[in-house]
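> Numbering (the working numbering), first residue to last: 1 to 91.
FYI, nobody ran anything at the bench for these hints, they're computed from the structure. Incorrect hints may appear among the rest.
Unchecked claim - Distance windows between CB atoms, simulated:
| no. | residue 1 | residue 2 | range |
| --- | --- | --- | --- |
| 1 | Pro63 | Thr34 | 30 to 36 Å |
| 2 | Thr28 | Arg54 | 29 to 35 Å |
| 3 | Arg61 | Thr28 | 38 to 44 Å |
| 4 | Glu66 | Asp46 | 35 to 41 Å |
Computed from a predicted structure; not experimentally measured. We put the beta carbon where it would ideally sit given N, CA and C, even for glycine.
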Amino acid sequence: MSESNASATRITPGNALRPEDIALEVRTGLAKPTEDVAEYALRLGDDALILAQRLGHWISRGPELEEDVALGNIALDQLGHARSFLTYAGG
1 MSESNASATR ITPGNALRPE DIALEVRTGL AKPTEDVAEY ALRLGDDALI
51 LAQRLGHWIS RGPELEEDVA LGNIALDQLG HARSFLTYAG G
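Kindly generate the complete structure, drawing on both the sequences and the hints.
Shown next, in the form of structure tokens:
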């Protein structure tokens, strides 16, 4: 893909923008988002943070222990995604 056709989100089948990619770019100092990309990352990070908080609220309300544990794990994943996106947006 040429630079003129490059997508900020790389949304094509099997080529999505993952939080791990963003974290790697931030750690290596390669990441300097444009204003639009930073705003998009901020929105994604905010959504992930709110979802993590809401899932955390449901941890003690699940009908089965396995569901409580699953909700906790999903909430932690979302919290990690929020951290990556918000770090990238602030970079």
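> Take the hints in turn and mark each one as holding or not.
Taking the hints in turn, this is what the structure says about them:
1. Pro63 x Thr34: 30 to 36 Å: violated (46 Å)
2. Thr28 x Arg54: 29 to 35 Å: holds (33 Å)
3. Arg61 x Thr28: 38 to 44 Å: About 41 Å separates the Cβ atoms of Arg61 and Thr28, which means 38 to 44 Å holds.
4. Glu66 x Asp46: 35 to 41 Å: 29 Å Cβ-Cβ, so the 35 to 41 Å window is violated.
The structure does not agree with the numbered hints 1 and 4 stated previously, though it agrees with the rest.
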